[in-house]
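So the sequences go chain by chain: A and B. Counting from 1, one number per residue, gives the positions in the first sequence under the numbering used here. Counting from 1001, one number per residue, gives the positions in the second sequence under the numbering used here.
Simulated from the structure, these hints should not be mistaken for lab results.
Straight-line Cα separation of at most 20 Å, SDA-like style, residue types lysine to any residue; simulated pairs:
#, chain 1, residue 1, chain 2, residue 2
1, A, K401, A, S421
2, B, K1014, A, S119
3, A, K10, B, K1143
4, B, K1002, B, I1061
So the derived label-pair ranges between C-beta atoms look like this:
#, chain 1, residue 1, chain 2, residue 2, range
5, B, H1126, A, D73, 53 to 59 Å
6, A, G451, B, H1126, 27 to 33 Å
7, A, N669, B, A1153, 39 to 45 Å
Each residue gets a CB set at the ideal place from its N, CA and C atoms; glycine is no exception.
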Amino acid sequence: MSRYMGTSVKRVEDPRFLQGQGRYVANLSLPGMAHVAVKRSPLAHAKILGIDSSEAEALDGVIGVYTGQDLLDGGASFACGSLPCGFTPPDIVTPAHNPVAVDKVRHVGDAIAVVVAESPYIAEDALDLIDVDLDPLPVVVDARAAVEDDAPLVHDDVGTNLSFHWPLGDEDAVNEALSGSDHVVELEFVNQRLIANAMEPRACAAEWDSSTESMTVWTTSQNPHTIRLLLGAFTLGIPEHKLRVISPDVGGGFGSKIFHYPEEVIVPWVARAIGRPAKWVASRTESYVTDAQGRDHITRAKLGVNEDGTITGLHVTTWANLGAYLSTFAPLIPTALYITLLSGVYKIPVIFGESYGALTNTVPVDAYRGAGRPEASYLLETMVDLAARRLDMDPVEFRRKNLIPSDEFPYQTPVALEYDSGNYQGLFDKIEELSGYQSLRQEQEKARADGRLVGIGFSSCIEASGPAPSAVAVGLGAAIGLFESGSIRVHPTGKISVFTGSHSHGQGHETTFAQIVADELGVAMEDVEIVHGDTDRVPYGVGTYGSRSAAIGGSALVKSAEKIRDKLKKIAAHMLEASVEDMVYDQDEGTISVAGSPESAKTFAELAFAVTTADNLPDGMEPGLEETSFYDPANFTFPASAHAAMVEIDAKTGEVEIQSYAAVDDVGNVINPMIVEGQILGGIVQGVGQALWEHGIYGEDGQLLSGSMLSYTMPRADGFPAIAVDRIETPSPHNPLGVKGAGEMGTIAGTATISSAVLDALAPLGVTHLNMPLTAEKIHNAIVAAGNGGGE
Amino acid sequence: MKVTIEVNGQAYEKEVEPRILLVDFLRNDLGLTGTNVGCDTSQCGACTVHMDGMAVKSCTILAVQADGSSVKTIEGLASNGQLHPMQQAFWDEHGLQCGFCTPGMIMASVTLADGNPEIDDNDVRHGLEGNFCRCTGYENIVKAVKAGASAMAGGEA
Chain A
1 MSRYMGTSVK RVEDPRFLQG QGRYVANLSL PGMAHVAVKR SPLAHAKILG
51 IDSSEAEALD GVIGVYTGQD LLDGGASFAC GSLPCGFTPP DIVTPAHNPV
101 AVDKVRHVGD AIAVVVAESP YIAEDALDLI DVDLDPLPVV VDARAAVEDD
151 APLVHDDVGT NLSFHWPLGD EDAVNEALSG SDHVVELEFV NQRLIANAME
201 PRACAAEWDS STESMTVWTT SQNPHTIRLL LGAFTLGIPE HKLRVISPDV
251 GGGFGSKIFH YPEEVIVPWV ARAIGRPAKW VASRTESYVT DAQGRDHITR
301 AKLGVNEDGT ITGLHVTTWA NLGAYLSTFA PLIPTALYIT LLSGVYKIPV
351 IFGESYGALT NTVPVDAYRG AGRPEASYLL ETMVDLAARR LDMDPVEFRR
401 KNLIPSDEFP YQTPVALEYD SGNYQGLFDK IEELSGYQSL RQEQEKARAD
451 GRLVGIGFSS CIEASGPAPS AVAVGLGAAI GLFESGSIRV HPTGKISVFT
501 GSHSHGQGHE TTFAQIVADE LGVAMEDVEI VHGDTDRVPY GVGTYGSRSA
551 AIGGSALVKS AEKIRDKLKK IAAHMLEASV EDMVYDQDEG TISVAGSPES
601 AKTFAELAFA VTTADNLPDG MEPGLEETSF YDPANFTFPA SAHAAMVEID
651 AKTGEVEIQS YAAVDDVGNV INPMIVEGQI LGGIVQGVGQ ALWEHGIYGE
701 DGQLLSGSML SYTMPRADGF PAIAVDRIET PSPHNPLGVK GAGEMGTIAG
751 TATISSAVLD ALAPLGVTHL NMPLTAEKIH NAIVAAGNGG GE
Chain B
1001 MKVTIEVNGQ AYEKEVEPRI LLVDFLRNDL GLTGTNVGCD TSQCGACTVH
1051 MDGMAVKSCT ILAVQADGSS VKTIEGLASN GQLHPMQQAF WDEHGLQCGF
1101 CTPGMIMASV TLADGNPEID DNDVRHGLEG NFCRCTGYEN IVKAVKAGAS
1151 AMAGGEA
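This is chain A alone, in the form it adopts within the complex (with noise of 0.2 Å):
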């Protein structure tokens, strides 16, 4: 019996968080240290003619002012090169992307030129003294536009704004099963431009140490390993054995710190060109124009259903915007990580979807919490609930019918992936249950009676977490395989120092990952500690997203636990003069002993010290007690959900209320349940952000017109009723621990969830569709369009 796993232990790194001793890269202060502030563009498209920096340097407390092309050229410093794409599927087009901007700005907030100064306010007063000569030029930032034949080219060089085509799937086959269905539902819809607002922007710092030729980058990242290696084969050329990059606390990423940023390569220019060490912290108004955004897709779906209620076949075309460069893993979310995300937790015989990937002059998009599993979803849920109204069926009656049933196992859907576990009736079951859901139709039967506008929402939903099978990842186009590294090392006096390639910004691992060695050696868990965010200590490894940490990062701490038994079992067979095959490892007590005699137990500090003196081992057998690996998952994990919630618009002002909300997620054996919770319960919360709120708008002429905290609106304490979390558990049999990602499922089923309650609150005034966010202003004009004849 496991001591930990499976227990809602407290988790141990918040009490630094708790008193302000959170280490985050604003923080950091070096004897010397300059800051670094970046001019950027006001408009979205414009070739530089002229940058005058003489009045910005001749400022007091100016270093230097640098451009795109200084940084090109290399100068005290790095020639710094372009920053590269990630993934690149067969026939893509992928623009360079310089970390300043050298012939043109493509966005609003693209690097013009770089300031340093000795403090951030004078860096800042003299950002506003570097006169730039911007000569505009047309704009384009819709993702359909861009790839017309008049569009105009974010990238003159490639001749095209097109970076890809994407299809999967038989089209014919889906065609004629479309053709001989009773009913086909089509719909045209957008899935908004997102901006992830982790709540500490983006930082960067670096030191160059002449003496040693080597730099540090202490940089927000969720994958510091993954920085070094582009910082190191591409943008500065710095040999990776002379370069550390520490990503310590990180506040928060959802996505959005993945990505290899320009600043990340200016910075430590500069710290190189200047001979001292710099720091440069956005500003949140940087963030919104220099973070990698989300979502951003028009989709044109078809879904064909026969009468009595079973789904034939699906057909999805989808323009992505990409933005004006492609971000580092920007083309893998509108088509590995959605198109084959599009069968869902449903029995679909055929399906094609296809994917444009479109440059525009827009920030670049990249993954965001779910990335490209939402947009899948609610592009099924809505499909599915215009199915079954189309059909006049309960929509959960409906979904019931197409579900995998549990004994199809591993499921293989039509657009490649192969589902390892899940019990999807189980999860209905459980929903119904938990939000009463017949008698929230009874309520809302009697609500709409009254005249009042009250909808139920209901979503399921899949994800493939835990990126990836290496092979697959990279014969779909990834860079780098995506296995994970643990290193597991036991001092003399038997604690324990962890290293994991996962990187923790919030999701806790110093206590999951602490459980899970703590169990797996019989440790107490105050004996372990983790170890994670810096290249210097720990193995090579991935880093943490797509919700792969405990499936992948956990479980290569598994693996290098397993060695370290063996290991200590063969140590305790010859001090006790016994076989090996007759020892015991007790991963309760921490003890190993003979079979059948537990008074010869030595316990796990014993054992450890006895490696150290080394006086008395196995013959062969080296001293020391360290053990690594690197594990390559069998296949994705596949959580599923299904999630229910009841909401009331005020009839006079489009006001959404959300009543109740509930969720049953499954994602397979849980290690830490209150941490679960809380993943689900905030990833709910950012999902309804976009069913309601959230939004990225850019005017025609490229502004972001929802460039601040002030105007891009955020889910707040008070727009929520308390929500209700259960969960069932079906273990993935690939992985040892069972587990299945938990990061992204309460985003995706929450946006579907709650624009489906608030559809179905809209349905009797004949409205069908709304596209998110589902502010009162859209619904109050779509009451009153229905009231003056505009419904059905």
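Place chain B on chain A using the hints.
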């Protein structure tokens, strides 16, 4: 300009530029980096501190405006190695994930809960409208503030 500001019980006399924000004074001049900066439009509340007992957003106040004031930051909340009841409640109820909003959230919660041991969900949720958290979905923060409010009044956390 010269300012005299008491921070966490210690008096500081410092020469500051008139334009320096209180949060920058705390972070850069005093090295008290527990107070975080999450936005530049006074929405997010990450920088919340107490000034003369009131919760204020320290990004919206100049250091010179705090002249003669007594300021308390997250670093000054625990005493004698004991977490403040509100800090303890955030820990117990899993009211934080990445920790970045936490100092401001706790400072706002302490004034919200002060003298209000029976504070209900609705009052907590409205009382924290000015503090953003992107991780927790607020639910556990609401639980923490209620538990903290009760504990501050001497009840069970």
